[in-house]
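Novice: Sequence lines, in order, name chains V and Z.
When you line the first sequence up against my numbering, it's residues 1 to 218, in that order.
When you line the second sequence up against my numbering, it's residues 1001 to 1465, in that order.
Keep in mind that a hint or two might mislead.
What the hints assert, rightly or not - Only some residues are given here: those of chain Z computed to face chain V with a beta carbon under 10 Å:
1) Gly-1038
2) Trp-1041
3) Val-1042
4) Gln-1077
5) Met-1079
6) Gly-1081
7) Asn-1083
8) Asn-1091
9) Ala-1106
10) Pro-1265
11) Val-1353
12) Phe-1356
13) Pro-1359
14) Gly-1406
Simulated from the structure, these hints should not be mistaken for laboratory data.
Note that CB positions come from ideal geometry on N, CA and C, so glycine has one too.
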Amino acid sequence: MAINTAWPVPFIINPQHLAVDAVTAFCVSALLAMMLNAEAQAFAATFLGDKRVAAKDRFHFNAFMHLNVLGTVCYLVGGFGWPRTMDIDRSKLAHPRLYTVIIRLAGPLANLLLAGIAGSIATIMKTLEWDPRVFLMVIGVNITTAIYNLIPLPPLAMGSLVCELLPPDALRTRSIFLQAGPFLVIALVLWERLTHQGIFSPYADPLIKTVFAYIQSL
Amino acid sequence: MEASIGEEEQALINHITRKSYFIFYLLRRDLMADTVPGKAWVVVFCGTAVNLCLGILYAWSVWAGALIPKDLKMAGQTMTGLNEGWVYLTNAEAATPFSLCVLIFAVFMIPGGKVQDKISPKFGAILGGLFLAVGCIVAGVTKSYTGLIIGFGIMGGIGMGFGYAAPTPAALSWFGPHKRGLIAGLVVGGYGGAALYISPLAAWLLSSGGITYSFVTLGIIFAIVVIIAGSQLAKAPPGYVAPAAVVKAGAAPAKAAGTLVDWNPSEIFSAWQFYALVFMFIGTTQSGLLVIANAAGLLATTAKAIPFFAANAWILASFGGLVNALGRVGTGMYSDKIGRGNAYALNCLVSAVCLFLMPSIIGAKSVFFLFCAVGIAFWQYGGGLALMPAFTADFFGPKNLGMNYGLVFIGWGLGFFMARLGGSIKDWTGTLDWAFYLSALVLIAAVLLSWVTKRPMHVSSGEVR
């Protein structure tokens, strides 16, 4: 069955055309994306040595407890975002700088995995002649989240790589970078939305569309 | 047209009847030989009743049939007659409330588990049931696509999330580990079993009173059932000791099947058995889905050519749901008797044989064999969903079962991934044959793995194997 009715990828909420189905599908997809992103970081941290018994921020699979205010606002404004930052005890990691980056990267990788799973469900729905557009939205939002993690600003995954590449004694620079990062991302996304000047989208959107087409066509 | 039953269909009906009788016999024998208080069984059956309401999701196709016009060009036009006020939907619109309901259900299932832990299973079940009931009424009264999204998709999904999480832990708390499989199967089976009655009931309500009437009536029925059944749900009181398995005179005392230590979610990654469970889950999911995805549609089209099935389409619609539900109860039950590993091996090996035969079954288009193949796949897939939580509870303890099972559930997701490889293999080789063979090999590998996988020993337990 051909898919003609799929919502645009990447999907960005347009306040002038609010459709209840698209907005609901987007919000649920964003919740799932944030939850998977955070739980995957928790999994990687535990796997790499930072084990915690009864940690409050890990393995509860409750999307609402992973919500971060700025990350959620970013979803509503720019179609991507991030969950509440998961605490990492660097002293427990054998290679703190490398492992921190791997843990942060596990988030977007999990988003790609979820996109793949949603793609499988969409394929099965297609064979049963059901329209899978809601699951296509899950794929789109997760790919968008994963790709935008390439922006080198914290709390996005590449941002944490930049953080780790700073000289180890530049603690002050690092903490300013970490605190300002989310605001900077939101400011840039808002600037892009309001002025229609391409900042991220000219680079990210083609990549998102390519990966989306690939996952959907598998 | 007079419906006539051919020999093949008669054989099939006899087969299903015999199988059902056997299962009910085993079930009855199990129920009689028990010493738990009566309240325990009240909780189990009230839990099943709550799940029977929540399973409305399975009947969505009945409403979708009424909402999609026969002539697709009529989408967007208003309906007449019983359904005056409603507007015909496109295929994409009709699938949206269902898909949203599934996803919102998934998002709310774990928070729902917290509600039943923190407050009570009674509260969780009634809250969930009322969300669903009000959602149905909203969907019916608003007579619009938006109403269906809000009522069925959002409120229904939230209700299922809260309600589904409530009955199983409450029911399990009354029984010892030797009954875990059966009880989980009975309660969870209610959800699958709903497909049996909701589809025909909804179809009847639709034809007699229209879409609004069917939603509102079901909403009212759900509210009544959930309030009555939900109020009976309770965990076993503190200090309650579940009766242990009866040991035959002269037999050596059975070795504890379950762990005595409750593992923490962060600890299970260090046990290789966790990864083995994930792989076993991948095994059951991928093979079941591969057959369901490729044979269920073929069965429906082939069987419709037979007058008996054309006249009784509900058999085809309910068959998968029925076997899925029976598979959960049945597998849970014999896993208590013969051990989880053996139950897993039994299901998977039968399935593997079926997979090796799939190319010839699809080639022959025999309705009888297609019924068998789809039945085995559904049974095995449902059985996997009942076995894996029991395995997780045996290996890592019941206390953190929700979280630990959530992690093992990754295997279910990955299984979906594998089922789709079938499509790619078909593109490369031009036929699905190798997808079936590969799937059977993965399944056999999973069985071999299940034989060497024994319960992990927790460092703090001091247990010696």
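Novice: Each of the hints needs a verdict: does it hold here or not?
Specialist: Going down the list of hints, with the structure as the test:
1. Gly-1038: violated (35 Å)
2. Trp-1041: Trp-1041/Z check fails; min Cβ-Cβ to chain V is 31 Å, beyond 10 Å.
3. Val-1042: violated (30 Å)
4. Gln-1077: The hint is violated - Gln-1077/Z has no Cβ within 10 Å of chain V, the shortest such distance being about 18 Å.
5. Met-1079: Check failed: Cβ of Met-1079/Z comes no nearer than 20 Å to chain V, outside 10 Å.
6. Gly-1081: Check failed: Cβ of Gly-1081/Z comes no nearer than 26 Å to chain V, outside 10 Å.
7. Asn-1083: violated (21 Å)
8. Asn-1091: Hint on Asn-1091/Z: holds, closest Cβ of chain V at ~5 Å, below 10 Å.
9. Ala-1106: holds (7 Å)
10. Pro-1265: Holds - the Cβ of Pro-1265/Z comes within 10 Å of chain V, reaching about 4 Å at its closest.
11. Val-1353: At 23 Å from the nearest chain V Cβ, Val-1353/Z fails the 10 Å test, so the hint is violated.
12. Phe-1356: Hint violated; Phe-1356/Z Cβ to chain V Cβ min 22 Å, cut 10 Å.
13. Pro-1359: violated (18 Å)
14. Gly-1406: holds (5 Å)
Hint violations for this structure: numbers 1, 2, 3, 4, 5, 6, 7, 11, 12 and 13, all remaining hints satisfied.
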